[in-house]
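Going line by line, the protein sequences match chains A and B.
For the first sequence, numbering that gives the first Met the number 0 begins at 0 and goes up steadily by one.
For the second sequence, numbering that gives the first Met the number 0 begins at 0 and goes up steadily by one.
None of these hints come from the bench; they were simulated from the model.
From the three backbone atoms N, C-alpha and C, an ideal C-beta is built for every residue, glycine too.
One or more of the hints may lead you astray.
Stated by the list, open to error - A few chain A residues facing chain B, derived, Cβ under 8 Å:
#	residue
1	P23
2	D26
3	G28
4	M113
5	V114
6	M115
7	L119
8	Q141
9	M142
10	T147
11	D149
What follows is each chain in one-letter form.
There are 2 protein chains.
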Amino acid sequence: MEALNAPLCWLDGRYLPLSEAAVPPDDLGLQRGYGIFDFLRVMGRVPLYMEDHLDRFYRSAERMYLDVPVGRDELRAIILRLAEVNALTVSGMRFLLTGGSSPDGYTISAPRLMVMHQPLNPPPAVWPEHGYKLYTHDFLRQMPEVKTIDYLMAIRLQPWLKAQGGDDILYRHDGWVTECPRANFFIIDQSDSVVTPMRNMLHGVTRLQIIQVARSIGLKVEERDLPLTEVLQAKEAFISSSTKRIIPVSRIDARSFNSSEVTRRLWEAMMAHETGWILSRSPD
Amino acid sequence: MEALNAPLCWLDGRYLPLSEAAVPPDDLGLQRGYGIFDFLRVMGRVPLYMEDHLDRFYRSAERMYLDVPVGRDELRAIILRLAEVNALTVSGMRFLLTGGSSPDGYTISAPRLMVMHQPLNPPPAVWPEHGYKLYTHDFLRQMPEVKTIDYLMAIRLQPWLKAQGGDDILYRHDGWVTECPRANFFIIDQSDSVVTPMRNMLHGVTRLQIIQVARSIGLKVEERDLPLTEVLQAKEAFISSSTKRIIPVSRIDARSFNSSEVTRRLWEAMMAHETGWILSRSPD
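Using the sequences and the hints, build the whole thing.
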């Protein structure tokens with residue numbers, strides 16, 4: 000198979016250029032917002048932390064009563080083949096599973112799987128000096144521990160976020176901080192411990208790597224409920240995601256964060272960890 | 000234009016058979032569950048309560064910061080033309096507006112409008128003797144007053160509903176009853192008043208007609224918050240929707256409802272009202 004102008008994707012059992020892919024309008028993803036997905040970063044031809052993403056994808060599917068039309072070995076093979084054929088430098092692989100075409104527009108019949116592979120802006124290769132400004136919003140996602148396609152609130156809040164010059168939203172609910180719409184949230188507390196929520200949020204693959212790397216460099220990590228009052232008294236704060244790795248936080252609502260010493264150490268350790276991980280899996 | 004085997008629909012500016020319609024996978028409806036819609040019943044060639052549905056559709060779009068790519072006059076013309084050309088006996092017209100294709104998979108760029116027209120099982124033409132069994136579930140929809148495509152919880156609960164032989168879900172939250180996923184909810188209380196919630200739920204077009212018809216036949220109507228405790232002590236209960244009109248409720252959780260005298264009077268008045276409404280708008 001040759002590389003084409005449009006990257007190849009996989010839809011309903013076959014490989015085709017993304018520009019030719021199309022979904023029937025009766026799909027429950029489109030009609031009823033019913034679907035789950037996962038997304039991983041591909042560095043060269045190496046899909047980063049692929050098994051963790053596959054774990055979460057099949058877990059999400061099960062929680063939503065969606066049968067994945069291909070087994071895990073086949074999905075892994077599709078991902079590796081797209082990475083090989085499309086040969087992109089830095090890219091994102093998105094596997095989306097919807098309720099599929101439904102005869103009555105409501106009942107799950109045959110879930111539809113789609114694997115899309117597209118170029119991605121790489122995460123910062125040098126320490127990001129300028130942190131993100133976060134603004135908090137009271138909201139608890141439905142099914143927060145499942146990676147559903149429900150980003151209704153996040154997208155609806157974009158004009159509000161832009162109006163005040165914010166970079167991302169930080170969800171809080173009843174005084175507890177949970178996550179950003181597409182990123183996990185951490186603080187460095189006054190005793191230099193890393194603290195991050197552990198429920199009512201999505202368990203990020205990068206989040207898990209960070210916890211392990213933090214412990215490996217001697218930091219204490221606490222996974223627990225995190226009140227907003229404590230967040231506003233923290234020394235540092237940062238967010239994490241597959242596409243961004245670690246981004247320091249410079250502001251949450253009216254509170255500025257001027258320190259990022261521990262976050263920077265963690266970022267450096269994560270860079271080294273990721274490089275090592277990729278090298279250990281590269282074919283050459 | 001001739002009638003075709005597959006009913007015509009309207010997508011991205013043109014009429015085409017529904018079987019040929021397809022949406023690019025980068026649509027924000029599919030990727031992020033971002034969209035709104037409305038749905039009306041067409042009797043012969045008469046779209047029922049069309050202006051009320053158009054009101055709500057444009058209101059939903061505005062609340063979600065989605066620009067409708069056609070004006071109200073043009074959308075009305077599309078609906079009437081599809082009703083004319085497809086010439087279905089009883090049918091449903093669904094107008095769906097999604098976030099559209101997005102360059103970054105997150106930002107609204109050009110919303111996508113789709114108008115689909117399909118045959119529909121007509122609502123019961125005789126009084127439905129057997130009422131629905133409802134089972135309550137604690138849930139409050141996000142943006143409950145906007146007709147978004149978010150039916151994640153409703154579809155996820157279908158296996159649970161079927162397992163106990165239920166016909167529909169009744170949402171309650173913190174002890175207050177709100178709505179069914181696709182229907183409004185009413186009780187007839189001990190003094191024969193019609194009581195129905197008025198917030199934290201979708202304002203149904205049929206619901207509004209019922210309120211007016213109920214008053215016209217001398218019933219007292221109260222729109223207010225409705226505690227589950229009061230619902231379980233009611234004389235009668237029923238649900239309403241565009242497709243079902245009025246369906247009596249025979250059970251809510253462990254409580255049976257054996258009476259439906261007032262509901263039946265209301266159903267008869269609604270049948271007459273709907274017939275009158277259609278006749279007054281028919282071209283012949």
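How the hints compare with the structure:
With 8 Å as the threshold, the beta carbon of P23 of chain A comes within range of chain B, its nearest partner Cβ sitting at about 6 Å, so the hint holds. A hinted interface residue such as D26 of chain A counts as satisfied when its beta carbon comes closer than 8 Å to some beta carbon of chain B; here the least separation is about 7 Å, so the hint holds. Nearest Cβ of chain B to the Cβ of G28 of chain A: about 5 Å, under the 8 Å cut. The hint holds. Nearest Cβ of chain B to the Cβ of M113 of chain A: about 6 Å, under the 8 Å cut. The hint holds.
Hint status for V114 of chain A relative to chain B: violated, with the closest Cβ pair at about 10 Å, above 8 Å. Contact between M115 of chain A and chain B, as hinted, is supported at the beta carbon level, the nearest pair being about 6 Å apart and thus within 8 Å. About 10 Å separates the beta-carbon of L119 of chain A from the nearest beta-carbon of chain B, more than 8 Å, and the hint is not met. A cut of 8 Å between beta carbons decides the hint on Q141 of chain A: the least distance to chain B is about 6 Å, and the hint holds.
A distance limit of 8 Å between C-beta atoms decides the matter here; for M142 of chain A the minimum to chain B is near 7 Å, and the interface restraint holds. Hint on T147 of chain A holds. Least Cβ distance to chain B is approximately 6 Å, under the 8 Å limit. Interface restraint check for D149 of chain A: the shortest CB-CB distance to chain B comes to about 5 Å, inside 8 Å, so the restraint holds.
The structure fails hints 5, 7 (numbered hints given earlier, in ascending order).
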